[in-house]
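Just need the whole structure built from these sequences, with the hints factored in.
Residue numbers (our numbering): 1 to 630.
Honestly, the hints are just simulated from the structure, not real lab data.
Where a beta carbon is used, it is the ideal one built from N, C-alpha and C, also for glycine.
Among the hints, erroneous ones may be present.
As the list claims (entries may be wrong) - Just the calculated beta-carbon pair ranges, DEER-fashion:
#1 Asn-432 / Val-244: 26 to 32 angstroms
#2 Gly-606 / Gln-523: 24 to 30 angstroms
#3 Ile-431 / Ser-618: 28 to 34 angstroms
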Amino acid sequence: MSKLENILDNCLNQLITGQSTLEECLARYPEYAPELRRLLMAAQTLEQGQSAEPTPIFKAKARAQLVAHMKAGSKNRRRSAGWRFFWPPLFGRTLNMAFGVAAVLILFLSTGTVLAQSALPGDALYDWKLASEQVLRTVHPNPLTVDLMVAERRINDLAQVTGNDEAVAVALNDYQQTLSNLSHYDTPESREIISLALNQQKAELDHVQLDVPELDKLLTEFNPTAEDAVASKPVEVQFDYQGVNDGGRIFTYQTTITNTTSSEPISATFVSALSSNEEYVSVSEGNCILNEKNELACDVDDLALNAARTITVTTRAVSCYAGSVTNTATLVVDDKAIEVNPNDHINVTNQVDTLFPYPARVVYVQSGSQTSDLGLVTSTASSLNAELHRWAAAPAWSPDGKRLAFFGVQGISQLEEPYNQGNGVWIVDIINNTQQNPRQLLAMDHVKNLTWSPDGSKIALEVGPPGITHEVVVIDAQDGRQLYRFSGEQPAWSPDSQQLVIKSCSDACGLWLVKLDGTIIRQLTTDSSDSYPTWSPTGEYMAFSSRDRDQDWEIYLLHLEDGQITRLTQRAGTDTTPVFGPCGQELYLRTDHYGSWWITALPLSGRDEYKVQEGVGSTEDWGLARPAVY
1 MSKLENILDN CLNQLITGQS TLEECLARYP EYAPELRRLL MAAQTLEQGQ
51 SAEPTPIFKA KARAQLVAHM KAGSKNRRRS AGWRFFWPPL FGRTLNMAFG
101 VAAVLILFLS TGTVLAQSAL PGDALYDWKL ASEQVLRTVH PNPLTVDLMV
151 AERRINDLAQ VTGNDEAVAV ALNDYQQTLS NLSHYDTPES REIISLALNQ
201 QKAELDHVQL DVPELDKLLT EFNPTAEDAV ASKPVEVQFD YQGVNDGGRI
251 FTYQTTITNT TSSEPISATF VSALSSNEEY VSVSEGNCIL NEKNELACDV
301 DDLALNAART ITVTTRAVSC YAGSVTNTAT LVVDDKAIEV NPNDHINVTN
351 QVDTLFPYPA RVVYVQSGSQ TSDLGLVTST ASSLNAELHR WAAAPAWSPD
401 GKRLAFFGVQ GISQLEEPYN QGNGVWIVDI INNTQQNPRQ LLAMDHVKNL
451 TWSPDGSKIA LEVGPPGITH EVVVIDAQDG RQLYRFSGEQ PAWSPDSQQL
501 VIKSCSDACG LWLVKLDGTI IRQLTTDSSD SYPTWSPTGE YMAFSSRDRD
551 QDWEIYLLHL EDGQITRLTQ RAGTDTTPVF GPCGQELYLR TDHYGSWWIT
601 ALPLSGRDEY KVQEGVGSTE DWGLARPAVY
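In structure tokens form, the structure reads like this:
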């Protein structure tokens with residue numbers, strides 16, 4: 001600072017604190033007295049102007065004086081260092097107080113001039129500096145010019161007081177006030193000028209590591225960033241859905257959802273509509289619900305910009321279906337203005353070539369003169385467990401293939417506990433082709449022809465010692481409670497678990513359709529030897545064996561809709577106890593046509609029969625030796 005500036009600063013401090021009067025200051029510095037008097041009086045004028053609102057007449061006169069003064073001093077015009085905009089002409093240190101108030105204003109607003117214009121937060125003249133800026137903003141014909149200049153001054157102030165927390169806080173507060181003034185300009189031209197200036201100021205603040213959130217906010221409003229520019233475009237979500245089939249019956253669908261444009265998180269719902277020929281297995285996301293329409297709905301929330309969400313859905317073809325399976329994926333976006341690319345509906349089609357996921361599992365009865373045991377084999381004649389269970393007969397699979405019911409014959413009590421409970425209906429779990437967790441469901445002797453209802457809730461069986469009229473008993477599959485009991489033999493369930501076919505001679509001999517309580521619905525066949533009925537899973541056919549129709553035990557197929565009966569076997573020997581396979585395309589039966597008792601599989605065409613298990617032994621009671629197939 002010059003000597004004059006130091007003297008002026010000292011006098012102003014003493015005047016503010018009351019330590020000296022104006023005349024005392026002038027007396028101490030007689031050589032500067034004339035100039036000091038004018039400067040100190042001008043400062044007092046500015047102090048008053050800080051709180052005074054200039055009249056329109058004053059503003060007009062001041063503007064006229066400023067214009068005249070600027071024209072007279074045009075030779076001193078310059079640009080602020082580093083500033084890229086044109087400012088109204090500002091003057092150097094040469095002071096000509098003859099220009100009056102206008103000259104005083106110019107004096108106090110010139111960057112780098114003496115007096116208050118170089119004051120910083122905490123200096124005595126800082127408030128005069130702010131006051132002079134306010135006065136100039138009031139009288140200047142273009143307030144934007146002043147606001148931009150003041151903003152640059154505050155940046156300079158901040159740079160110079162870095163490290164002084166108290167001074168920084170004051171300068172930041174004053175800078176934020178200037179930003180507030182700038183935020184009110186709404187013309188495109190003004191905003192373009194402001195945004196360019198503020199971007200330079202932000203660079204200067206970043207250099208001194210100062211963060212001003214209000215500046216960032218104003219820059220975002222006036223000069224959108226690349227991210228905001230993207231947001232102004234139509235918002236798009238990329239939706240991809242792919243299906244993978246390994247050639248079997250399991251399908252894996254993978255969807256990828258990507259927010260490609262929105263800076264704000266978006267939400268959507270992914271829906272996988274399963275075909276009527278497929279069933280749900282699993283999904284990788286936890287926030288998914290499978291409804292009664294076989295639609296899997298998954299919420300996809302808070303999907304950030306360029307973030308991808310992947311959901312994997314696994315299904316399988318329903319049993320006994322071959323053909324095409326079409327799964328439809330839909331992306332439902334909450335905001336209707338958001339576009340889904342390339343489409344919000346995607347179909348994926350898979351082909352199923354086999355009716356069942358694996359070879360059928362066949363439980364056969366290995367009959368001996370004094371024994372009856374169970375073995376397990378596949379429909380392709382691969383042995384799974386030749387010693388599945390001892391002292392057991394009349395097997396029946398549960399509909400899910402996880403459990404097996406059977407009649408524990410005489411001798412089962414020789415096994416370890418709990419088999420000491422003796423004869424009756426037993427249930428075991430089939431795990432890894434072995435029987436586990438045995439439990440007696442019903443203590444009863446003389447049981448045969450067990451069959452589990454397709455809905456899994458009941459078991460029907462035939463009971464009766466030799467020479468006594470046999471009965472059909474329906475029990476609860478969970479606790480063994482007797483639900484129904486009536487005269488009849490060899491029960492077989494309808495696919496809907498609501499009816500039974502039985503052998504009966506109560507009115508006339510043959511096969512009868514009855515309700516679960518034994519109430520007769522109608523007679524199906526009229527031959528007294530028609531025996532061992534089995535209902536196809538589709539409900540279209542019923543198969544049975546009969547002797548008197550052709551003087552030999554053969555297998556017959558009844559078409560239930562029109563009553564037509566077709567003979568499937570026609571050969572020497574005995575063919576009996578047919579059981580439909582899982583998909584109803586073939587029958588599993590006992591036959592001695594090949595010289596010993598075998599279990600074979602016979603397609604409904606009556607051709608291409610094949611061996612499943614040979615040497616299963618003869619038996620005096622076919623109702624105990626009928627195979628079970630799953």
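Checked hints:
One distance hint, 26 to 32 angstroms for the beta-carbon pair Asn-432 and Val-244, holds here, with the actual separation near 28 angstroms. For the hinted restraint 24 to 30 angstroms between Gly-606 and Gln-523, the CB-CB distance of approximately 25 angstroms keeps it satisfied. For the pair Ile-431 and Ser-618, the supplied restraint of 28 to 34 angstroms holds, since their beta-carbon distance comes to about 32 angstroms.
In this structure, none of the earlier numbered hints is contradicted; all agree with it.
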